[in-house]
Structures are given as structure tokens and as C-alpha cells.
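Undergrad: Each chain, letter by letter, is given below.
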Amino acid sequence: MAKSVTHEFVKGLWAEIPPFRLVLGLCPTLAVTKSVEDGIGMGVATTFVLVCSNVLVSSLRKVIPSKVRIACYIIVIASFVTMVELLMKAYRYPLYQSLGIFIPLIVVNCIILGRAEAFASKNNIIRSLADGLGMGIGFTLSLAALGAVREILGSGTFLAMPVFGPSFKPFHFMVEAPGAFMSLGLMLCFMNLVGKK
Amino acid sequence: MRDMVKMVVVLTLLSTVSGGLLAAIHNQTAARIENQILEYVQGPAIKTIFKGATNNPIADRFKLKDGDVERTFFVAVYDGTPRGVAFETHGKGFGGDVGLMVGIDTKTNKLYGVEVTTHSETPGMGARATTDPDFAPQFKGMNLGKPFKVTQDGGSVNALSGATITSRAVCSAATDADKIYERLKPQIEKELKEFKK
Chain H
1 MAKSVTHEFV KGLWAEIPPF RLVLGLCPTL AVTKSVEDGI GMGVATTFVL VCSNVLVSSL
61 RKVIPSKVRI ACYIIVIASF VTMVELLMKA YRYPLYQSLG IFIPLIVVNC IILGRAEAFA
121 SKNNIIRSLA DGLGMGIGFT LSLAALGAVR EILGSGTFLA MPVFGPSFKP FHFMVEAPGA
181 FMSLGLMLCF MNLVGKK
Chain Y
1001 MRDMVKMVVV LTLLSTVSGG LLAAIHNQTA ARIENQILEY VQGPAIKTIF KGATNNPIAD
1061 RFKLKDGDVE RTFFVAVYDG TPRGVAFETH GKGFGGDVGL MVGIDTKTNK LYGVEVTTHS
1121 ETPGMGARAT TDPDFAPQFK GMNLGKPFKV TQDGGSVNAL SGATITSRAV CSAATDADKI
1181 YERLKPQIEK ELKEFKK
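Residue numbers (the numbering used here), protein chains in the order written: chain H, 1 to 197; chain Y, 1001 to 1197.
Everything labelled a hint here was simulated from the structure, so no lab data went into it.
Hints may contain errors.
Unchecked claim - Across the chosen pairs, the derived CB separations fall in these ranges: (1) Phe1195/Y x Gln97/H: 48 to 56 Å; (2) Arg92/H x Thr1048/Y: 20 to 28 Å; (3) Phe181/H x Asn1158/Y: 32 to 40 Å; (4) Lys1047/Y x Gly195/H: 46 to 54 Å; (5) Pro166/H x Leu1022/Y: 47 to 55 Å; (6) Asp1066/Y x Phe164/H: 22 to 30 Å; (7) Val1008/Y x Val10/H: 38 to 46 Å; (8) Ser98/H x Gln1138/Y: 48 to 56 Å; (9) Thr1108/Y x Gln97/H: 31 to 39 Å; (10) Ala1030/Y x Val5/H: 36 to 44 Å; (11) Lys169/H x Phe1195/Y: 46 to 54 Å; (12) Gly1154/Y x Ile70/H: 50 to 58 Å.
Stated by the list, open to error - Residues of chain Y placed beyond 12 Å of chain H at every Cβ, according to the derived structure: (13) Leu1022; (14) Arg1071; (15) Asp1079; (16) Met1125; (17) Glu1182; (18) Gln1187; (19) Phe1195.
From a predicted model like this one, the values you see are computed outputs, not experimental measurements.
All residues carry an ideal CB built from backbone N, CA and C; glycine is no exception.
Please model the entire structure based on the sequences and the hints provided.
TA: Set out below in C-alpha cells:
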């Protein structure tokens, strides 16, 4: 039996939240979560691409021949990513500077291709939209949460506002690569403990 | 056979639409992106180099053809006379091109100063070229006319410790700037004269 549209939206927020439950899209998850702001920026950019590509792939699903479907998805995804890159350069240049190479790399983010292949190519437009939006918001929340942990411990700030007194010595370790692996691992562990039935 | 044709048609159509769309967006945003880069990448460098200029060097710029490339020159006015020009050159660094804004005093043939604009050098090593308080400022007041070299290569520029390749890149960019300035001197002087009126 087909599940409701609301279900497709909500599943991305907890039950199948991308980086933790699907464990997809780890490259940006690890690389750009040095601060909350970068995490949210990356999440919003990815959500935009995810929603647009899901809708387009779903509306073209009857036209795209199955033998070249991956190539078609890549064209669709790459176009939206380039669009995001140009728009971000034009309107949010400082964010573009801090995300850098990871914006063009959204093309190879497996969440997006994964949703296009596993969901949008088999479902109608409304459901694909709900799925993309849910997954995107889930991804944004995860990046923001991971970014918050790393920013608070690693730089002693939250959204660039100091949270501790001046006596606080930040753990620089947390904003570097090993800190990303550690916090991701601990968060996964926490999610599994909480979600255990 | 019909499958083949369909594949080709679908892929061609998708690529064409995507290409057209992106070209349109690129055209729409190109001017804005150029302004953003001026403001966030070149702007701070120019302001540091031309500290105390009485005009706004970012607004007072002109373009000159140098062979196949078009270069942008920024003019600085001191005591009522336009005597400083700054433009960007590149040197080969450890992680890619190092962009350098070079300010030249056209009266004395000396450097007003240099500032690194874009780079992809190692954080904590070559990346210090942008922040090290002793590195970039040492170029201030140096004479043009002979290649800039680090002390290891028999020159007078003190390299960043542990980042000789980056320091060499900065030197070669400065040397290039000198050559370009020599080559375009008549045109630059003409532009500066016209600027007075």
C-alpha cells in the first residue's frame, strides 16, 4: 500500500535522516561542519538541489530511457548545482568563500543521486517533492547539529557569538578533521541508543 | 534501434536545455559576481596596499589589453595626484595558483606593497602568506627593475619559514607584475594623465 505524502516528508527528519540513518553524504557532513553557519549554508544549498532534481527527475521519469538514466540524472543535478554556485557567488559571497570546493561537489553527493534513483524515478511529483524536502531538511538539521557541537567546543562560539566566558580554552581539535570523525561517530552512537526499540 | 534514437534525443534535449539555462543565469549574474569578487577578494587587499589614498581605488579602475588578456588596474590618488596603480598577477604555489595584488608607485618605481588575494596553500604553512605580519609588508618600498627573490635564492625577501614554495610564488608573481608594468607603462601613464582631468 502506498504511504501518505506526509509520511514521505517526515521520514527524512528522523526515521531515515540522511547522514545518521542512511549514512549517506558523509563527505560534506565531515568537511563543512566547522561552524553552524557553514553547516546550514551547505544544508540549504543541498536541499535546493535535492528538491529541484527530485521534482524534475520525477516529472521526466516516463521519458528518460532506463539505459541512460544515470547520465540524465547527472545532467539534471549538475545544472542545479551550477545554478546554486552562481547564485551563491552573486548573493552570498562570504558563504561561498567558506564552503569553496564543496559547493560544486554537491554533484557527487550520494544523497541526491540516491534519492533520484531510489525514489523520484519511481514516484509521482508531489511525493518526490515531499521526499526531497524532508531529506533536505533532515540533512540541514544534521549538519547544523554537528556544526553546533564542533563550533561550541572547537571555537567556543555559536553562530559566531561567544557562549563561554573569556577563560574558555577552545579544543582546536574539534574543528579539525579528526574532530569531525569523532563527533560524527559519537552522534551516530547517540542516535542509535535513542532510536533503539 | 528506436531505443537508441530515444536515448540520443533525450540526452541531447536535456543537455541543450541545461546549457541554455545555465548560460542565461551566468549572463544575469556575471556583473554581480565581478562586483562581489572586487569587494571581498581584491577590495581588502587594495585597501591595505593603498592605505591613506584620498580616492576609492576600487571604484577608480581601468582596463587595458595586454596581448590576449585584459587586466584591471586600480588607481590610487595621493596629495591630489594619481600615482599608484595596483593589479593582480599569479605565481605557482604549493597547492595551485597564488594570486597577488601588487601596488606600484609610478613616481618612484617602487612597490607600495603586495597582498595575497587568492590561494589554496596549506593552512598554517603557506596560508600564512596572507596573515603573517612580517611577510607581505616587507615588499613595501622595494625597488622595481630586478627580479624579486627569496634569500635562499640570493634575493632579499625573507621567506616564510616552512613555506619556501609559497614565498617563491609570491616573488615570481611580483616579478611578473614588474614585467607587465614595464610592458604597459606608456598606456598606464596615458590613463593616469587622463585621470587627472
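Undergrad: Taking the hints in turn, state whether each one holds.
TA: Hints versus structure:
1. Phe1195/Y x Gln97/H: 48 to 56 Å: At 31 Å between Cβs, range violated.
2. Arg92/H x Thr1048/Y: 20 to 28 Å: The hint (20 to 28 Å, Cβ to Cβ) holds, given that Arg92/H and Thr1048/Y are roughly 24 Å apart.
3. Phe181/H x Asn1158/Y: 32 to 40 Å: 38 Å, holds
4. Lys1047/Y x Gly195/H: 46 to 54 Å: 52 Å, holds
5. Pro166/H x Leu1022/Y: 47 to 55 Å: 48 Å, holds
6. Asp1066/Y x Phe164/H: 22 to 30 Å: About 52 Å separates the Cβ atoms of Asp1066/Y and Phe164/H, which means 22 to 30 Å is violated.
7. Val1008/Y x Val10/H: 38 to 46 Å: Roughly 41 Å apart at Cβ, these two residues keep to the hinted range, so it holds.
8. Ser98/H x Gln1138/Y: 48 to 56 Å: 29 Å, violated
9. Thr1108/Y x Gln97/H: 31 to 39 Å: 35 Å, holds
10. Ala1030/Y x Val5/H: 36 to 44 Å: 40 Å, holds
11. Lys169/H x Phe1195/Y: 46 to 54 Å: 52 Å, holds
12. Gly1154/Y x Ile70/H: 50 to 58 Å: For Ile70/H against Gly1154/Y, whose Cβ atoms are near 56 Å apart, the range 50 to 58 Å holds.
13. Leu1022: 5 Å, violated
14. Arg1071: 21 Å, holds
15. Asp1079: Fine: 34 Å to the nearest Cβ keeps Asp1079/Y off the interface.
16. Met1125: Answer for Met1125/Y: holds, closest chain H Cβ roughly 14 Å.
17. Glu1182: 33 Å, holds
18. Gln1187: 31 Å, holds
19. Phe1195: Its Cβ never comes within 12 Å of chain H, the nearest being 29 Å, so this holds.
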